[in-house]
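Asks: For reference, the chains in residue letters:
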Amino acid sequence: MGVACTLSELVARFGGELLDDNGAKISGVAPIERAGAHEIAFVSQAKYLRDVDATQAGALILPREGRDITKRPRIITSNPYLYFARISSLLNPAPQLDPGIHPSAVVHPQARIAATASIAAGVVIGEGVVVGERCVIGPNSVLGEKVVIGDDCLFHANVTVYARCVLGNRVILHSGSVIGSDGFGLANEQGRWVKIPQVGRTVIGDDVEVGAGTTIDRGALDDTVIEEGVKLDNLIQIAHNVRIGAHTAIAACTGIAGSAKIGKYCMIGGAAMIHGHLEIADKVRISANTLITKSLTKPGTYTSALPFSEHGEWLRNAVHMRNLDKLAGRIKELEKRISELEGKKQS
Amino acid sequence: MGVACTLSELVARFGGELLDDNGAKISGVAPIERAGAHEIAFVSQAKYLRDVDATQAGALILPREGRDITKRPRIITSNPYLYFARISSLLNPAPQLDPGIHPSAVVHPQARIAATASIAAGVVIGEGVVVGERCVIGPNSVLGEKVVIGDDCLFHANVTVYARCVLGNRVILHSGSVIGSDGFGLANEQGRWVKIPQVGRTVIGDDVEVGAGTTIDRGALDDTVIEEGVKLDNLIQIAHNVRIGAHTAIAACTGIAGSAKIGKYCMIGGAAMIHGHLEIADKVRISANTLITKSLTKPGTYTSALPFSEHGEWLRNAVHMRNLDKLAGRIKELEKRISELEGKKQS
Amino acid sequence: MGVACTLSELVARFGGELLDDNGAKISGVAPIERAGAHEIAFVSQAKYLRDVDATQAGALILPREGRDITKRPRIITSNPYLYFARISSLLNPAPQLDPGIHPSAVVHPQARIAATASIAAGVVIGEGVVVGERCVIGPNSVLGEKVVIGDDCLFHANVTVYARCVLGNRVILHSGSVIGSDGFGLANEQGRWVKIPQVGRTVIGDDVEVGAGTTIDRGALDDTVIEEGVKLDNLIQIAHNVRIGAHTAIAACTGIAGSAKIGKYCMIGGAAMIHGHLEIADKVRISANTLITKSLTKPGTYTSALPFSEHGEWLRNAVHMRNLDKLAGRIKELEKRISELEGKKQS
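Protein chains in written order, with the working numbering: chain G, 33 to 379; chain D, 33 to 379; chain S, 33 to 379.
To be clear, the hints were calculated from the coordinates, so they are not data collected in a lab. Hints may contain errors.
Here are the in silico distance ranges between beta carbons for each label pair [what the hints assert, rightly or not]: (1) G:P131 / S:L129: 32 to 42 Å; (2) G:T333 / D:K368: 55 to 65 Å; (3) S:K364 / D:S371: 49 to 59 Å; (4) S:R96 / G:T325: 26 to 36 Å; (5) S:R82 / D:Q128: 55 to 65 Å; (6) G:N54 / S:Q222: 49 to 59 Å; (7) S:F46 / G:P131: 33 to 43 Å; (8) G:G47 / S:L129: 35 to 45 Å; (9) S:G308 / G:A78: 13 to 23 Å; (10) G:H309 / D:A86: 17 to 27 Å; (11) G:E41 / S:Q222: 45 to 55 Å; (12) S:G308 / G:R82: 50 to 60 Å; (13) S:A78 / D:T333: 52 to 62 Å.
Glycine residues also receive a C-beta, built at the ideal position from the N, C-alpha and C atoms.
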C-alpha cells in the first residue's frame, strides 16, 4: 500500500468541508471502532454518530448532522459512504502487475494481447481473442476463441469466458464465474430432449462486476446482454437472452430465467427468482427471497417472502396455508348466515 | 459455420411438408423478427403466427395451423421447435478440434486416451483414466484417477471430475461443473463433526448435459446416479446418493438433498428444493421455487410459491401468515356462536 | 484400500461391546442390504433394526436396542453412525500422494512450501504464500499472494484462494470453491455504483470443510471468519464480514448476507437465507428454505417454508394469500356483528 495523504489533499481531490485539520497524514481506512491515528473512519448515518465519542481515528468522514459533535479532524460531506469509497480506492490501489505473458500461459498465435496487459500463469487464450490495454487475466483462466475484451479489465483466477463473448472496459470477473455457457435450450421429441444450439453470445458492458461462481449463459439466437455498470454478486444465474439494464445491482444466489428483461437502476435482493419472458421496469426493487412471476411496469418494492416462526408455531399455521380457500369459504358462509339472522331480527 | 442447405434437402432429411419452395439455400437460423433472406425462422405456437406477416426470413418452419397464412417458402411440421433444433444443429456443427494432447496438458502415462480425442491446454488427467473416441476435454479441466468417460463427450474449460466417476457417451459438462465431490456426510460426536468418507461414485448415463457451476456429489457408500438423457441447468446441487431418472430436466438453482429418488421424464422448475430420502414418481412437474418435503407418488404439477405483492400490501398480509391458526380459531368460534344464535332463533 | 482389521482390533481402538466374534477380518464398509462377508454394516436407529434379518454382512455395528436380535458378529455402541465413521475412515484412508511440487506447477520463489506437501500439476502459488506440512493442493488450484495455510490441508482440483487469506490445519476445500473473493460493497453516486475496496481477509479455522462451488467473500475492512470445525456443503454463499461460530454445519444452496454473526453448534438447512447484520444464537436450527430476517436470541428450530400442494389446489389457496388482511378484516367485522346480535338477544 504505502500511499499516504493529508486531509487537505483529499478535500482538494474529492471535495467536502474540512474541519480542525492538524496536517497529519492518513494511510488507511478502518472501521470506526478500531481505526488508529493514521487511519480515517466514516459514519454514514446519523444514528451511528454516537460511535464518534470513543473512536481513536486520526480523521473522520461525517454527514452534515455530525459537523459539530467532535473536535477531531473531519471531512463533512452529504454522502460519507461514497466519500469513504473514493478514499479507500485511492489508499488501496489494485496491485500493479508486470505486463506480459507468463511463460506457462498458452496464447494462440492469432490472439492479440495488448503489450500493457498481464496474462498470468496457466491462462489459456484461444484463436482470434482480443485483450485490451492494462487488462489483468488471473491464473488458470480461459478465454475461448474470438473473445473480445476492452481495456483495464480484471479477471481473477479460474474464470471462464466461452467463445465469441464480448466484454467492455473495466469489467471485473471473480473466480469461478462463467460467461457464455450454453443456455438451457431443449426441444422435446417424444419424451427425449434435443439440444438447441446456443449460437448467440454474452455481451457485457463497461464497468460491470461479476461475482464468484456466477454464471451468465449465452443467447440462443440473439445475445444475452448485461448493460454498463451492472453489479452482480456471487452465485447468480443469468439465463439465455436475458437483458439487464444499466446500473442494476443484484445480490447473491438470485436466478433470472430466460429472456427476462430487467430495467435500469434496479436493486434485486438475494435469492430472488425472476421468471422468464417478462419485463421489469426501471428502478424496481425486489426483496430478498422474492419470486417474480409477472412483469412489473412501475417502480416500487415487491416482496413475497413468508415470515419465519419458531417451528411449533409454524406447524400450527402451516396446516391452514393449504386450506385458505376453505377458510375463505367458511367466512363467506358465516357472512350469509349472519345477514339472514340480522334480516330476521329486523323483520 | 459455412454450411448451407436447400429446403428440399432439409425435408429429405427431417421430414415435414415443403410449400412454395424457391430453391434458395439456407445458411443459418434466426429469430423471426430479424431473419434475413438466407435464414430460416420458426413459429412454435399458433398465437405467434401473426409475426409471420412482417418477417424477412428466407424460409419458415410453421405448425399446421400456419399452413396457408403466407406465401413464403415454408416447412409444415407438428413440432416446429424440434424441427428448428434439428436444422440449427445441422447448420451450427460443433467446432472440429484437432485430435491429440496439447503439450501443456499433464496426462498420466497409465491413462488411456483415444487417438481421436482432443485434450486441451492445461488439462490434468490422472492415473488409470479412460477417455473415449472423439471426446473433447476443455482447457484446464481435471479428471481424477480412474475416471472413465465414453465416446463423443464434450467437457468445456475448467471442469472437475473426481476420482473413479463414470460417464457415458455424448455427455456435455459445462465450465465450473464439479462431478463426484464428497457428499455432506457427517457424524456428530458431542457437538463436533466427524467426516464420513464418501466412497461411492457419481455415475452419469449417455446424453446427459450438466450446466455451468452445477455440482453432483459422489455417493457415501452406493453411487449417485444420473440416468441417460437427463438435462441439468446451471448452479444445481445434487447431493450424495441421489438418483435422477432418465430424460428428466431440471432448471437452474435447484437443490436435491441426499438419497432422493427422482423419476423419469420429470420437469423441475428453477430454484426448486427437494428434501432427502423421498421418491418422486415419473412424469412429475415441480414448479419454480417449490419445496418438496414428501414423496410424490403420482404424476401432476406441484407448487408451493408465495405470490408476490407490492411491499406495503405484503406487509399488511404477512402479519396474518403468522397468525393463521388464531384466525382459524376465530372462525370456529364464530361458527359456534352463530349456531347458538340460530338455535335460539328457532326455539 | 487393502487395509483389513479384526473386530477385536476395532474395539480395542474405538471401544464398544463385541459380541459373537468369529475372528474374521473386515476390509470394508457397506450398506446393510449389500454388505458381504468381509464388510461391516451399521444400523443407527432402532426402527431400522428389522434390516438385520436379511443382511449378509460379516459384522454389524448396532445400537443397544439391537444387542440381542442377531447372532452375527457385532459391536454394540451408543452412536453407531459415529462408530461407522471411524471405521470407514480407518479402512478408507486418503490416498497417499508423493510429496513435492509437480514440474508444471508455478510456485513463486518467495513462497514457502513444506517439503512434505504435495503440489499437483497446474497449481499456481503466489509470492509469500506459506503451505504447511503434508498439505495436498489439487491440480489447477490457485493460491494468491501471501495466503497462509496450516498443516494437513486438502484442496481438491480447481480451488481458488485469494490473496492474504489465512486457513488453519486440516482444512478441506472442494473443487470450484472460492475463498476470499471481494464482498459486494458498493456506494451509490447518483445511480451509478462505486466499488468499495475489500481490504479484509477470509480467515478459516482448523477442521473446516468447504463444499464444491461454495464462495466465501473476504471482509470489507475487518475479516470474514469461519471458526474451527465448521462444515459447509456445496454452492453456499457467505458474504463479507460474516462470522460463523465453531462446529456449525450448513447445508447446500444457503446464503448468508453481509455481517451476519452465526453462533456455534448451529445447524442450517439447505437453501436457507439469512439477512445481513443480525445475530443468531448458539445451537439454533434453521429449517430448509427458511428466510431469517431478524436476530435469533435463543436456541430452537425456526421455519418459514410454504407447504406445497397439487397445482390446482395451490392456485385456489394462493389467491387468498394476497388477501389475508381483507379476510382478517371480514372476521373482525363478523365478530362485531355477532356481538351486536348477541347483545340484542340478551336485551
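Asks: Against this structure, judge whether each hint is valid.
Replies: Going through the hints against the structure:
Roughly 36 Å separates the CB atoms of P131 of chain G and L129 of chain S, a value that falls within the hinted 32 to 42 Å. A C-beta distance of roughly 41 Å is found between T333 of chain G and K368 of chain D, which places it outside the suggested range of 55 to 65 Å. Checked against the hint of 49 to 59 Å, the pair K364 of chain S and S371 of chain D fails, with Cβ atoms roughly 20 Å apart. Range check, R96 of chain S to T325 of chain G: Cβ separation about 52 Å, and the 26 to 36 Å hint is violated.
The supplied range of 55 to 65 Å is met by R82 of chain S and Q128 of chain D, whose beta-carbon atoms lie about 58 Å from each other. Range check, N54 of chain G to Q222 of chain S: about 32 Å between beta-carbon atoms, so the 49 to 59 Å window is missed. The supplied range of 33 to 43 Å is broken by F46 of chain S and P131 of chain G, whose beta-carbon atoms lie about 58 Å from each other. For G47 of chain G and L129 of chain S, the hinted distance range of 35 to 45 Å is not satisfied, since their beta carbons lie about 57 Å from each other.
For G308 of chain S and A78 of chain G, the Cβ-Cβ distance of about 20 Å falls inside the hinted range of 13 to 23 Å, so the restraint holds. At about 20 Å, the beta-carbon gap between H309 of chain G and A86 of chain D stays in the expected band of 17 to 27 Å. One distance hint, 45 to 55 Å for the beta-carbon pair E41 of chain G and Q222 of chain S, is violated here, with the actual separation near 24 Å. Judged by the Cβ atoms, the range 50 to 60 Å given for G308 of chain S and R82 of chain G is violated: they are separated by roughly 21 Å.
Roughly 38 Å separates the CB atoms of A78 of chain S and T333 of chain D, a value that falls outside the hinted 52 to 62 Å.
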